[in-house]
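Each protein sequence line maps, in turn, to chains A and B.
Heads up, the first sequence is in our numbering, so the first residue is 1 and it goes up one at a time.
Heads up, the second sequence is in our numbering, so the first residue is 1 and it goes up one at a time.
Rather than coming from a laboratory, the hints here were simulated on the basis of the structure.
Note that this is a predicted model, so its numbers are computed, not measured.
The beta carbon of each residue, even a glycine, is placed where N, CA and C say it ideally should be.
Wrong hints could be hidden among the right ones.
[To be verified] No farther apart than 25 Å at their CA atoms in a straight line, the calculated lysine-lysine pairs in the PhoX-like style are these: (1) B:LYS243 <-> A:LYS389; (2) A:LYS127 <-> B:LYS438; (3) B:LYS97 <-> B:LYS243.
[Unchecked claim] From chain B, some residues computed to sit far from chain A (all C-beta separations above 10 Å): (4) ARG63; (5) GLN125; (6) THR131; (7) GLY234; (8) ASP256; (9) GLU261; (10) HIS312.
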Amino acid sequence: MVLLGGFVVLCAPPAWRYQQAAPVFFMDAAFFTRHTTDPGGLLQYAAAALAQLNVSNWLGGLAYTGLLAAGLFAATRVLRAANRALAPAGACALVAILAALPGRFGPGVEQTTLAVLITLLAVLAWKQVPPARTVWRAMVAWLMAAALCYVAGAVPVVMFALLALLLEIARGGRATSIAACAASVLVVPLWAAWHRGFAPLAAVEAWGSGLTLGLHVAAFAWTPLWLALGLVLGRRLPQIGVARRPLLAWAAGGGAALVFVWSSVDTAQRARVRFETLVARQDWNAALQVAAGVKPWTAAARVDLTRALFHAGRLPGDLFTVPQSRGRDLLPDREPGVDLHRALAVTLFELGQVNLAEHRAHEALELEGARPDTLALLARINVLKGRPKAARVFLNRLRRVPFHAGEADLALRALEADPTGAGDRSLGEIRLRLPRTDDPDSRLPAEPLLAQLLAANPTNAMAAAYLAAHRLLGSQLELLPPLAPALKAANGGRLPRACEEALVLLAGQTKGSVGAAVESAISPATRERYRRFAEIAGRHAAQPEAARAALAAEFGDTFWFYQLFGETAPPAAPASGS
Amino acid sequence: MSLARKVLGLLLAAGVAVAGLSCRPARGGGESGPATDVGRAPRLHPDYAGTVIPPNIAPLNFRIEEPAERYEVTLRGAQGAPITVARGDADIILPMKPWRALLAANAGGAIQLEVRAKPAGGGWQRFVAVTNRVAREPIDPVLAYRLLKPLYNFYSELGIYQRDLETYQQRPILENRDFGGGCLNCHTFLNRRPDEFALHIRGVKGPQPMLLARSNEVTRVDKTAGYISWHPSGRLLAFSVNKLSLFFHTIGETRDVFDAESDLGIYWVASNRVATPPPVALPDRLETWPSWSPDGRHLYFCSAPKLRRERHRQVRYDLMRVSFDLERDAWGEPEVMVSAAETGLSAAQPRVSPDGRWLLFCLAKYGHFPVYQPSSDLYVMDLATRKMRRLEINSDQSDSWHCWSSNSRWVVFSSKRLDGLFARPHFTYVDAAGEFHKPFLLPQRDPLFYDACIQTFNVPEFVLGPVEVSPAALAEGVLNPRRVLTPEGGGPVQHREEQNAALPPAEAAEPPPPQ
């Protein structure tokens with residue numbers, strides 16, 4: 001189990017999952033009380049509490065390994081009732097299914113695992129009722145089902161009823177007893193009829209799709225199926241393997257579980273979650289290295305990618321060394337993804353658009369819940385907006401999130417000592433970038449918002465880099481020359497590569513009328529490179545696919561390639577700077 | 001006398017003396033020992049000092065914001081038994097029964113709050129006593145409000161709740177999770193009766209209905225409306241139809257709402273008929289915020305010329321009223337009560353006191369949505385003299401969403417005064433002369449409740465008793481109604497609100513109405 005637990009941690013580090021989607025949890029009575037009103041609420045509460053341990057790989061790994069071990073024990077005990085020989089294999093397979101869940105990087109991992117475990121324990125408890133007392137067994141089955149429904153929701157009740165039915169058959173119970181136990185599943189429709197707000201299948205909606213959905217379903221269905229198989233095969237199955245060579249059997253089962261877990265990892269999601277975690281830790285270069293493996297790019301990840309490029313000092317120079325395609329907004333506000341608002345909030349905050357950051361942070365608060373990072377951001381936004389008391393409310397809320405009380409206390413003390421944040425260097429930098437005019441809008445148009453920031457503070461290097469990137473992505477070449485001085489100043493006196501490439505193209509299109517200053521900023525090497533690009537492109541002018549293939553390796557990360565094909569073809573790992 | 005007797009006598013005398021001293025209301029003394037005077041009042045959080053409180057309000061628990069290792073608090077009035085609470089921490093939780101008894105005994109009088117604190121390593125300190133007056137007139141026992149996070153375009157969890165003001169119990173009237181999401185707004189009670197009310201549901205499939213609870217029977221009316229007001233007869237509702245859009249500023253207050261088109265309409269409940277009286281639906285004007293006078297003979301509303309959104313800062317609403325004859329269904333000519341041209345401010349949310357004497361409303365720099373306007377203040381007009389004044393109880397943040405109690409002595413309003421972001425219910429006592437006294441915050445069991453509460457309270461409405469119709473019955477009225485009415489007649493058509501941002505339906509429903 002330790003080996004398997006360690007392997008799960010390697011495949012899906014709990015800290016990454018915490019960054020991706022830690023369920024909201026507060027250490028207060030009101031939060032607990034909210035979970036006592038609806039069926040399944042207590043399970044949600046317990047799962048959310050357990051998921052808080054994922055803040056540390058060690059704690060999260062230990063807790064999940066413990067759950068898997070308990071699941072193995074309970075499943076083995078339940079499955080033995082039908083067939084002792086098949087029980088260990090069935091239990092190992094269940095544990096493998098549960099162990100594969102974290103690697104899918106979807107929500108509901110702890111909830112499903114806890115639900116399966118609770119159901120198995122309920123079945124074990126119910127089995128303690130003496131077989132001879134048929135009426136008692138049926139009554140206890142109904143009571144257990146009702147308790148399960150309240151604690152864990154509808155799906156565990158279905159699993160419980162199936163297991164009770166099969167175990168009654170296994171012990172040779174009477175038809176009435178079997179029917180009575182199976183009928184305990186009726187608790188669900190009865191509860192739904194009585195409690196209008198109870199949506200029995202609400203939990204299923206969080207299970208995702210494809211293999212992730214399959215694993216969640218399998219986690220609940222596996223034990224009843226294996227039990228049924230054991231019943232069908234009965235004593236016809238030769239008692240080999242486990243009985244004679246138990247160690248070998250366990251080792252084989254464990255090995256198979258490791259292979260299953262490894263093969264079921266959603267590598268694309270894993271890369272994206274890892275990227276997101278590195279961005280959250282502000283490890284920009286590592287994030288950009290990981291970015292090469294991210295596919296597909298969500299709107300939120302693209303927003304983070306641009307920010308990582310900027311902080312690594314590579315925006316807009318290396319804009320095309322990462323995947324780009326025409327038509328994508330630099331600040332997308334209407335693309336899907338609940339995490340988009342959080343990513344936008346951080347970017348807008350750093351840019352200086354604090355009001356718009358506040359808007360997005362509140363959308364994130366509503367759609368993703370009170371995540372610790374959202375609460376901390378809202379506190380900073382309110383300090384900057386001159387509302388220290390509102391900042392205190394968010395920090396007091398953060399104080400109630402496990403493992404974040406210390407961070408919140410520090411911030412509260414700082415706020416007490418300096419309510420305006422005047423002494424906070426990072427806030428001071430943002431304060432210099434704040435817009436000075438009002439530009440009311442219901443959307444997020446990048447061009448006017450970034451131009452407004454530059455008008456307020458021409459030294460806002462982030463706004464200049466973002467505006468250049470926006471104009472490059474929109475192929476607004478004629479708007480680039482005015483930005484050249486600011487970009488050169490921020491890039492050690494040189495024009496960033498992507499801008500140089502664009503200006504070469506512009507100079508060619510306008511027959512050199514871009515201005516002497518801009519002309520002189522374009523290096524001969526870039527001119528020569530463009531000449532070569534144009535020559536190869538011209539050679540394949542009638543065959544776009546051939547041109548693309550010929551240009552991709554050498555020019556796939558250039559503005560010219562993006563301009564010609566509407567997307568980049570960056571190398572597997574982005575270069576470490578231009 | 002033997003030596004033993006002498007010693008015994010001395011001990012007895014000393015004991016009597018000590019006992020006598022400890023029982024005396026000694027200056028600077030107390031059961032915890034002598035105390036030095038600090039010479040100022042203690043800092044209390046929330047600020048429950050120098051205010052007027054109802055005789056039936058739940059205990060005003062508070063934190064003493066003075067560093068100490070022991071605290072002793074005594075509440076006393078001219079009548080009744082005093083309450084003493086001694087604690088090792090600064091959170092003072094007052095016992096319910098003695099509190100009620102003390103308030104009841106001192107209704108019409110005052111209670112004094114004496115605070116003593118013992119700092120670490122020091123002696124006891126005594127602060128100047130805090131005095132709160134206890135009004136004779138009770139407050140309506142239930143407050144209904146909507147509870148939600150400070151929303152922008154999207155929402156996930158919100159609900160309308162009822163709070164027993166005599167205890168701390170809060171129960172849902174309806175939460176949006178009861179009917180699979182959607183938005184809930186503008187709960188409006190008929191003469192504060194708990195069994196007769198209306199509210200709106202939006203963001204659900206099909207028509208965006210209004211739920212009518214009449215004698216606790218729920219009817220779904222497939223008529224979308226904005227702000228609503230019951231005629232005191234219960235026979236009709238005035239409602240607004242608005243074309244609202246939410247937009248955002250890059251400096252100052254972030255959120256703003258623009259109303260591109262609006263008119264008022266009337267829904268006749270018994271005949272299930274909608275009408276559009278011309279005086280309140282002029283084609284070149286925006287009419288909104290309908291509110292009936294308690295005698296039902298006037299409809300108050302706000303009206304402004306139609307301007308484009310680019311000129312939103314110039315949109316200022318007049319406060320109007322129009323006479324109405326219920327029996328003849330006859331309307332008079334609208335008259336201006338508060339002119340935007342004269343005040344330079346924009347009016348919203350008119351509410352007349354049940355005794356018909358006072359008109360309470362908001363004035364802000366512009367627009368019709370005061371809760372997003374830090375400049376929004378409460379104003380009162382004496383309807384007998386037509387003189388208006390800005391209330392002294394206003395703050396530098398938004399004060400809005402006010403409601404009168406049934407005895408016209410209490411007003412509840414939502415104020416962002418505590419932190420500039422979250423609206424919290426505050427109560428103020430209005431005396432016979434029309435003076436509004438220092439407001440106090442809705443008390444909670446936990447004195448620090450609001451310090452970590454990231455939800456905002458809006459549309460606080462007094463109710464005369466607990467709402468008995470269950471959340472399940474109301475949810476059923478949305479999902480599977482027993483009775484559905486589709487109003488007849490023309491009437492103004494609800495304009496579709498502009499959707500300011502879009503997410504797939506699985507992630508968010510339509511934008512909420514602004515709070």
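Hint check:
| no. | hint | verdict |
| --- | --- | --- |
| 1 | B:LYS243 <-> A:LYS389 | violated (34 Å) |
| 2 | A:LYS127 <-> B:LYS438 | violated (65 Å) |
| 3 | B:LYS97 <-> B:LYS243 | violated (50 Å) |
| 4 | ARG63 | holds (13 Å) |
| 5 | GLN125 | holds (22 Å) |
| 6 | THR131 | holds (26 Å) |
| 7 | GLY234 | holds (28 Å) |
| 8 | ASP256 | violated (7 Å) |
| 9 | GLU261 | holds (17 Å) |
| 10 | HIS312 | violated (7 Å) |
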